[in-house]
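Novice: Here are the chains, one letter per residue:
6 protein chains.
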Amino acid sequence: MKRISKSHREATSLLAFGAHPDDIEFGCGGVIAKETRAGRKAHFVICSRGEAGTHGTPAQRVAEARKSAALLGATVEFIELDGDAHLEVSVAHTIKLAGVLRRIRPGIVLAPSLVENQHPDHAKLGQLVRDAARLTRYGGLKELRRVRPHAIEQLFFYAVTPEAEPPGITPVLIDVSAPKIMSAWTAAMEAHRSQTSARSYVELQLTRARLRGLRAGIGHAIALFPNDPLVLDSLAQVSRSARRF
Amino acid sequence: MKRISKSHREATSLLAFGAHPDDIEFGCGGVIAKETRAGRKAHFVICSRGEAGTHGTPAQRVAEARKSAALLGATVEFIELDGDAHLEVSVAHTIKLAGVLRRIRPGIVLAPSLVENQHPDHAKLGQLVRDAARLTRYGGLKELRRVRPHAIEQLFFYAVTPEAEPPGITPVLIDVSAPKIMSAWTAAMEAHRSQTSARSYVELQLTRARLRGLRAGIGHAIALFPNDPLVLDSLAQVSRSARRF
Amino acid sequence: MKRISKSHREATSLLAFGAHPDDIEFGCGGVIAKETRAGRKAHFVICSRGEAGTHGTPAQRVAEARKSAALLGATVEFIELDGDAHLEVSVAHTIKLAGVLRRIRPGIVLAPSLVENQHPDHAKLGQLVRDAARLTRYGGLKELRRVRPHAIEQLFFYAVTPEAEPPGITPVLIDVSAPKIMSAWTAAMEAHRSQTSARSYVELQLTRARLRGLRAGIGHAIALFPNDPLVLDSLAQVSRSARRF
Amino acid sequence: MKRISKSHREATSLLAFGAHPDDIEFGCGGVIAKETRAGRKAHFVICSRGEAGTHGTPAQRVAEARKSAALLGATVEFIELDGDAHLEVSVAHTIKLAGVLRRIRPGIVLAPSLVENQHPDHAKLGQLVRDAARLTRYGGLKELRRVRPHAIEQLFFYAVTPEAEPPGITPVLIDVSAPKIMSAWTAAMEAHRSQTSARSYVELQLTRARLRGLRAGIGHAIALFPNDPLVLDSLAQVSRSARRF
Amino acid sequence: MKRISKSHREATSLLAFGAHPDDIEFGCGGVIAKETRAGRKAHFVICSRGEAGTHGTPAQRVAEARKSAALLGATVEFIELDGDAHLEVSVAHTIKLAGVLRRIRPGIVLAPSLVENQHPDHAKLGQLVRDAARLTRYGGLKELRRVRPHAIEQLFFYAVTPEAEPPGITPVLIDVSAPKIMSAWTAAMEAHRSQTSARSYVELQLTRARLRGLRAGIGHAIALFPNDPLVLDSLAQVSRSARRF
Amino acid sequence: MKRISKSHREATSLLAFGAHPDDIEFGCGGVIAKETRAGRKAHFVICSRGEAGTHGTPAQRVAEARKSAALLGATVEFIELDGDAHLEVSVAHTIKLAGVLRRIRPGIVLAPSLVENQHPDHAKLGQLVRDAARLTRYGGLKELRRVRPHAIEQLFFYAVTPEAEPPGITPVLIDVSAPKIMSAWTAAMEAHRSQTSARSYVELQLTRARLRGLRAGIGHAIALFPNDPLVLDSLAQVSRSARRF
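Here the protein sequences come in this chain order: A, B, C, D, E and F. For the first sequence, position 12 (counting from the first letter as 1) is numbered 12 according to this note's numbering, and the numbering increases by one without interruption. For the second sequence, position 171 (counting from the first letter as 1) is numbered 171 according to this note's numbering, and the numbering increases by one without interruption. For the third sequence, position 24 (counting from the first letter as 1) is numbered 24 according to this note's numbering, and the numbering increases by one without interruption. For the fourth sequence, position 124 (counting from the first letter as 1) is numbered 124 according to this note's numbering, and the numbering increases by one without interruption. For the fifth sequence, position 12 (counting from the first letter as 1) is numbered 12 according to this note's numbering, and the numbering increases by one without interruption. For the sixth sequence, position 221 (counting from the first letter as 1) is numbered 221 according to this note's numbering, and the numbering increases by one without interruption.
No false leads were slipped in.
If chains are identical, the list can't say which one is meant, so a pair holds when it fits in one copy or spans any two.
DSSO-like, lysine-lysine: derived pairs with alpha carbons at most 30 angstroms apart: (1) K142 <-> K67; (2) K96 <-> K67; (3) K142 <-> K96; (4) K41 <-> K96; (5) K180 <-> K67; (6) K41 <-> K67.
No wet-lab data here; the hints were simulated from the structure.
Construct the complete structure from the given sequences, taking the supplied hints into account.
Specialist: In C-alpha cells:
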C-alpha cells in the first residue's frame, strides 16, 4: 500500500483546533514548535475570535493569533461556529469540523481535553473534534459526499490548564527542553499580548512544563493525552523513562 | 553524552520477570519475539518452578521454559524466592531483584501487573519488580554496595490474563501480526506442554491478541501497561491509530 | 399485588433500542436469542436506517434488520429521530422514547452504553433511553398524559464494541454457549450482509464472546451492564462463578 | 453433568469469614438469615476472639458469637491466625484458609471487603480469603495435598461499615425486608451485647439497610459486592429494579 | 484590600439553585437552616414549578416552596427555563443564570450534582450553574455587558438522592445535629405536602443524614461536594474528624 | 463538653511522620511553618536516618533534620523501624506507632500518601500511620494497655512528589504565600544540604507550590489529602475559591 510506505518516509501533517485565539499556544505550543522544526506541517483551526474575553478586541486577537502561529511555524485559519463563550455541541458543527478534517487530511489531530470543569468552550470543542474525527471516516454522510473520507492516525487532547488534564488517561510527555523550542513557545505565548498583561498565563504554562520536566529529569515537557491506545511496532519507539523522583 | 548517543545506535536489553515458568510467554511472548527479531537482547528471570500447579513436575516445567525462551530468542535463568504459590512481598526479595537489575542492566523491564484479583504470585512479583527498579538507583543500599546503581528506561506491566489488565493505565499496543512473530509466539506457548493439555491457555491468549488486533485494524496485538508516562522526542514516534470500530 | 405475582408466572417483555439497523445484533444478539428461546417476548426499536454508513442503502438495511430480528425471534419497528450520524440528545426525543416505553411496557430494557468514545449516535441513544426510562414513570408529563405511566424492571446497557464497555459498572455475563443460540446469533449478524462484507464485524463479536466465555470457563458469553444495582431475593439466583484463570 | 443438575436441585452451602466475633452479623447478618431460611446451609469461620476490643472478654465474645450464629441458623467455628488487631497477610494464613475451604466445600463464600480505610483486620482477611479461594483450586499445593481441590461458585464481599463498601464494584442488593428476616438479624446483632452497649452499631446497620431499601423501593436491603462478574443463564434471574428515586 | 477584610467581618450570601420546588430542601435544607441561623443571607432560585410531577399543581408547588424557604430563613424566586422535565443545557440558559449570579453576587453557590443517573433536570441544572459561575467572571460577554462581573467563592454540589452523590469528589460534611436545625429542616421538607404524601422522601433524607451522622460520631450530617479544592488559611479551619467506625 | 470548648480556645498539636529525614520538609514543610507560626505545636517523628540514600551520612542527615525542624518551629525525634529502604508493613510497627500517637496525643496527624508508585518506604509508612491512628483508639490492645487510648481529629496525607498525590481524594490547599512562611520553608528544605546539592529537590517543591498557587490565584499553596471527609460547623470555615483559570 503506497500511502503507508509514504507515511514512513514523510511525516503526515498536524492539525490543531482551538476554541479561542490563544488556546493552542497556551495548551501545547511547545509541541507545535517541536514538530514543525522537525519538518512536520502544522495548521491551526480557531473557532472564535475571543470576543467574550475581558481583554482585547476580536481584531487584536486575530492578529495576535496569526503572529503566534507564524512564530510556531504553523498556518492558521478561523472558522465560525457560535462565537466565544457561546459554543454548543451539535451535529451540524461536528459535520463542519469533519469537513475541515477531510480537506486538511491530517495524520495527527490536537484538540482541547474533554474535562468539563474549565472554560465550557474547551470541552465542547474537544467533543466536537472527537466525533468529527470519527464521522470523517464514514462514506455515506450526505453533507460531505463530495469530499473523500479520511482516517486520521491519532487524536491527542491537550489541556489549556492543569484542571483540564483528564485523570483517566495516561499521558505521553513531549520533551520541549531545547532552547530554540522553549524560546519559540514563549514568544508565541507572549504574542497574545492582550491576554498576558492581565493574568499570569505565561508563567502558569512555563511552571507547568517545568514541573513536568523536573519529574522526568529533563528541562521542560508538555503532556498530551491520546484518545486511543498507541499502536507501536517496537518498544524502541518509546524507551525513555519519565521518572526522576 | 556518550551513553545516550550509544542508546540510539544500539537497543538496550530487555529483562522480563515471570512468577512461573510460563507467565512471560502467555502474558507477552509475542512482544519478546518481536523485540529479539528486531535485534534487542532479551533475558528472562523466572521466580519459581511451577511446583504448586496441578500439572507438570518442576523438572518438566524448567525444561519447557528453556525451550520456550529459546524459541523466542531469549536467555533464561531461575531464581529462588519463596516457591510457587508461596511468594511473599518483602524488602529482602526487593533487594534481591534489584541486584538482578544491577547485574543485567536492562533498558526495558517487563513484569506482571499489579492487579490483585489473579494468581497471587503475579501481583506480588509485579510489586517487587516495581520497587526493585527504584531501589536499584539508590547508591547507599548496603546489600548492593558492590554493584554500580542502574536506572532503567521504562517498566512495562504485562497481564497474564484479561482480568490482570490494570484499568487505570492507558496501554500501548504492540503489533505482533507478522506471521513469523505469531508462529514463534504460538510455538513458545505450546512448548509449555504440561500446561496446555489441560486448559485453553493458548486459545485464551490468541483470542485476546486477535481481539486487540481487530479493534486496532491489524492482525494481532499485545497490550503493555507503562508504569510511568512515556517521554517522547516527537509525535512521529507514536503516530499509528488504534481504532477501527 | 396482582402485577407482581403475575410477573413471577410469566416473563415480562424485553425492549431493545438500536441507533442503527445492526447495533442490537452486534452488541447483544445472543442475549436476545437466549431470552426469546426461553419464552420472553422481545421487540426492537431502531432509530435510523443506517443511511450515513459507507455500505448499503436504507432499504437494504431495513430489510436486513427485519430478517435478522426474525432470526432472533424478535419483532421490530423503526422510528424517526434525526437520522443516522445526526442524532441529537433532546427532551423531545426523550419524551418520544418514553412514549414508546409506555406503549410497549417492557420489563427489561436494553440500550447502547453511555461511553462516548464510539459512534456518537450510540452513547446519545443510551442517554435518551436512560432518561426516557425515568420520565415514563412521571405522571404529570403533559405530552404523554393519555398513556398510563410505567416503571421498567431494569435497564441494561450493551456495548457495540469493546471500547464501549463502561469501565465503572460490573457487568453480568449471559451464557450464550448453546449451539442453537450461537447459530441464531451468528445468522442474525450475517443477515446484515451489506455491513459484514466490508469489515470483520462478525469476527469481532464472536472473538469477544469467546474471550468472555474462556475467562468464565464456558463457551461464549455476552456482557450486559446494569444501570442500577440488581435486587435479589436470594443468592441462589446468581450462584455461578465467572472466573477460570 | 450430574454435579450441575444437583446444584439446581439443592443449594450449595455458604461459608462466611469474619475477623472478629460480630463482623458477619453486622456486615451481612440479614443475608445469612435469608439464605438459611430458604434452606441453604451456612457456616461461620471466625478468626479472632475480639480480644483487642475495648469491651467484652474473649469468653464473652465467643459465647455471643455462638448465640448469634444460632439465631441466624448458622454453625460456627473459631480458628487461630494472629489474634485481634494483629492479623498479618501471609501465605501460611492463605493456605490455612484454603484448607478450610477444601474441608467445607462451599458454593458461596462471604468475606469482608478489601477497602483498607477500616479496621485493618477486615481488609487483610478479605485479601486472605480472596487468595485462598484461588489456591484451593490448585492441585499441586503440597501443604494441602491430602484434601481434594475445590472451586467455589462465587466470592462476595460484605462491608462491615459504609466506609468499607468498595467504590469500583457494582453491588447486588439482597432484599431482607421480611419481618422474620429483620427480626432474626436484629436479634443476632443484639446478641453481641458487649459491643452494642457502647456504640450505635445496631442502629448504624439498620439505618444503612433502611437507606438501601428506601432507594430500591423496598423495606430493607443489604449490599454484597461480587469479586467476579456474575454468570447468568437468563435475565429472568435478575429482573427486579433497584431504583425508586 | 477592603473586599477581603469585609468578607472576614461579614459572611457573603449563599445562593442555592433548584430544578424543582423541593430539590434544595430535600438535598441540603439542613445546611441552609444552619447557615441562615448563623447569620448568612440565603436566596433560592427555582427553575420550574414542578408541573411534570405526578402530584401537586404548579400553584401548590410554588406555595409550598415559599413556605419552605421561609422556614429555612431564605428568600426565593422562580425563573423560567424550559419547564419541569424539559430542561435543556444551552448557552442561552447558562448566560441567564450568569446574569442571576451577577445580580445576587453570592459568595457560596449550591447546585444539584452532575451525576446523570437521576432526574435529568438535576444534572443539567448542575452543568448550567457550573458553567454560569465561570461565565459570570468574563468581562466581554455582550449579553451581560451592563452588569459588573462577579467571582464566587466556591460552588458546592448537593445530591437530591444518594445516587446523585458524585463518586469522584471527597465531600465535606455539615453537622446539622442541633435540634433547632433538624426541626427547621424537617418542617421545610414537610411543607412540600403534595410530594411527601406519596413517597418516603422525608424519611429518605433523614435516614441519609442520620447515616452520615452515625459514621462521623455526631447526630446528623449533610454532605456537600466542592467543585474545586478548598483553600485554607489554617488546618484549624477543618480539624474535626469524620470517622467513628 | 469541656474538651471541645477547649479545642476551640487552643489548637491541638500536630504530629508529622516522615520515612526519611527530609520527607516532611519536602512534602509539606510550608504547612508546618504556617501552623507553628499560628501557635500550634508541631512534632516530627522520623523513621530512618536516610542511610540508603546516595548522598549524606546518617549523622549528617540527623543533624540536617534537627536544624530543619527548628527552622519550621517543630520538635523532632527519631524512631527505629527497619531502616531506610527496608521498611516493612507489620502489626508490630503499627502498634509501635500507635504507642507514639498515644504518647504525643495530637489532634492533626500528617503522613506520606498511600500511592505506591514512589519510594516504597513512603507508602508503607502511610499505611502504618493510617492503621496506627485507628488502633490507638482501641482499649483492649494488650501491648499498649498502660497508655490511655486517644482519638485524633484528622489524618492528612502529604505527597513527597507530584506522583504521590492520591488521585481519588479531593485535596485541601493550604495557602503558604506569606513571605515569612515561604522563606522558613525554603530554608528548612535547604538545610538538607546533603540532598539538595545533587538533584533539584527544592526547585521541584517550589515549582509545585507555585503551580498550585497560580491555579488558585494566590502565591504558593500546598495540597493535603484528608483520609476522611471533613466535618464542618459552617461553610464559613471553607469559603475561599481555588480556581483562577
